[in-house]
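S.K.: One letter stands for each residue in the lines below.
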Amino acid sequence: MSKLPSLEKYKDRNVTEGSAYYQVDIEDYPTTGWGKFKQVVNRTFRLELFVGLWVVLREMFKFNIHTVQYPAEKLPIGPRYRAVHEMQRLWESGTERCIGCGLCEKICISDCIRMDTRIDENSRKEVTEYTINLGRCIFCGYCAEVCPELAIVHGGRYENVSEQRAHYLEFDDMLTPFDMAVAGKVAEYPGFGAITPHEDERVKTTPLAY
Amino acid sequence: METAYMIETIIKIVAILTVFSALAGLGTYFERKILAFMQRRLGPMVVGPYGIAQVAADGIKLFTKEDIIPTNVVARIFKIAPVITAATAFMASAAIPFLPSFTIGGYTVNPIVADVNVGVLYVLAVMAIGLYGPLLGGMASANKYSLLSAARGAAVFISYEVITGLSLIAPLMMVGSFSLIDLNNFQNDGYWMVVYQPVAMVLFLIAGFAETGRTPFHLVANDHEIIDGFGTEYSGMRWGLFFIGEYANMFFYAFLISIIFFGGFGDGSVSGAFALLGKVSFFFFFFLWTRAAWPDIRPDQLMALCWKILMPLAVINVLITGFVLMF
Chain A
1 MSKLPSLEKY KDRNVTEGSA YYQVDIEDYP TTGWGKFKQV VNRTFRLELF VGLWVVLREM
61 FKFNIHTVQY PAEKLPIGPR YRAVHEMQRL WESGTERCIG CGLCEKICIS DCIRMDTRID
121 ENSRKEVTEY TINLGRCIFC GYCAEVCPEL AIVHGGRYEN VSEQRAHYLE FDDMLTPFDM
181 AVAGKVAEYP GFGAITPHED ERVKTTPLAY
Chain B
211 METAYMIETI IKIVAILTVF SALAGLGTYF ERKILAFMQR RLGPMVVGPY GIAQVAADGI
271 KLFTKEDIIP TNVVARIFKI APVITAATAF MASAAIPFLP SFTIGGYTVN PIVADVNVGV
331 LYVLAVMAIG LYGPLLGGMA SANKYSLLSA ARGAAVFISY EVITGLSLIA PLMMVGSFSL
391 IDLNNFQNDG YWMVVYQPVA MVLFLIAGFA ETGRTPFHLV ANDHEIIDGF GTEYSGMRWG
451 LFFIGEYANM FFYAFLISII FFGGFGDGSV SGAFALLGKV SFFFFFFLWT RAAWPDIRPD
511 QLMALCWKIL MPLAVINVLI TGFVLMF
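Those sequence lines, one after another, are chains A and B.
Each residue of the first sequence is one higher than the last, beginning at 1 in our numbering.
Each residue of the second sequence is one higher than the last, beginning at 211 in our numbering.
No wet-lab data here; the hints were simulated from the structure.
Certain hints may be false.
[As the list claims (entries may be wrong)] Each computed DSSO-like pair below joins lysine-lysine, with the alpha-carbon atoms no more than 27 Å apart:
1. A:185 - A:74
2. B:289 - B:275
3. A:62 - A:74
4. A:62 - B:489
5. B:271 - B:289
6. B:275 - B:354
7. A:106 - A:204
8. B:518 - A:36
9. A:38 - B:518
With the hints as extra help, turn the sequences into a complete structure.
M.R.: Dropping the structure here:
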């Protein structure tokens, strides 16, 4: 990702001395016949038509093409882009991070997450069924935000196609492959659902008593 | 009439038809590419290397699409209108010398179908008949946008045809002949006609933009106002015929300007032939170039321009030329 230029100076929207904004100086349109005549003469002898021709010709020879040939080339997306969900695993052990708390199912405002859990032999909660109906999902990101374990996050896969309106995503489809997680090939997840880098500055200490 | 002459003429006609139909297709490719480059895009890139086979893809599409005759149209006129546009465009080319005469195996070939002594008049007249394509097609289509387009076409037509004719009178007075070959040879002795008649050249070029319906005067089929104008109800190859007619017209107009005002093929040598093709390519490019740079104007603006500014200019030009020739 290329670093964007600083937009700090554009935040003050007031047109003042020294701000990045300025009033465009536009002359009034002529209303009198003499004024219109002067405008025509002015435009004719400044050869405005040829200025336009020159501009497009210059651009043609510069050949500064901005086209992205999409299926072959792709633009980078923002690191916190909210595309199709992913399920993370713990490093080294490769255990699923999802603890089956059900918070994502509860918070989902379009009601597209559905999960079933059971208590397994080690009396840990285990997710048996987990589906997201992408046809309903509005990619608001609440599920990733509410998840206490950084288990469900938003990934970067934005190209989806389906034969029907209800397009379900199953738990196993979203889960990071086991061998990849164990081999340490998965980077620390920086995307949506992870804590932002400057989170420490934002957090406020909880008062001990209300 | 000799058999050899007949065969030669038929071969020439077939050659012109095939070459310019193919050029019309290639012209669309170049138009898209040049417009794209001027707007910092790439244009067609997928079919074939650098998208060159896009022409073939478009051709297949045009040929195989269903030919729809809508319910309320005047079917007979609706069917024949595109043929008028394409046919008149190619008929007009009969009196245009595309190259200087050359010799193959001791047989001299004149690359002009008919060197008639009223060449310019014939070309302009037949090109003008081409208006009946959009006019009849638009009126027969039973579609309000097509009808508007036909009305615009007629209104604009009477404006620019005056300029086309009047602007050419002055050069023709100097040469004293209507034949395009005589016009070419006249410039061979002295300077190009544009040196003597710059005003006539500019007027003829402006009229050319109106005649071929290119961008500053792209009123008859202005996409953002009246959909595709007269072509709205057309589909498949009937629409394709309109298209071929328009592009062939652009090429023939480029030939006309090059021959009448810019020296044509000069003395008829090989370099002269290539110079003519170069000039024609430039004017074809100019037609595309302006489309990227200039805005469209309204029909009333075009009519005001033609009648109030260009026509008086053309008449004054004819008068001055006449006085200079007389004294």
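S.K.: Hint by hint, where does the structure go against what was stated? Just the numbers, ascending.
M.R.: Violated hints: none at all, because every hint is consistent with the structure.
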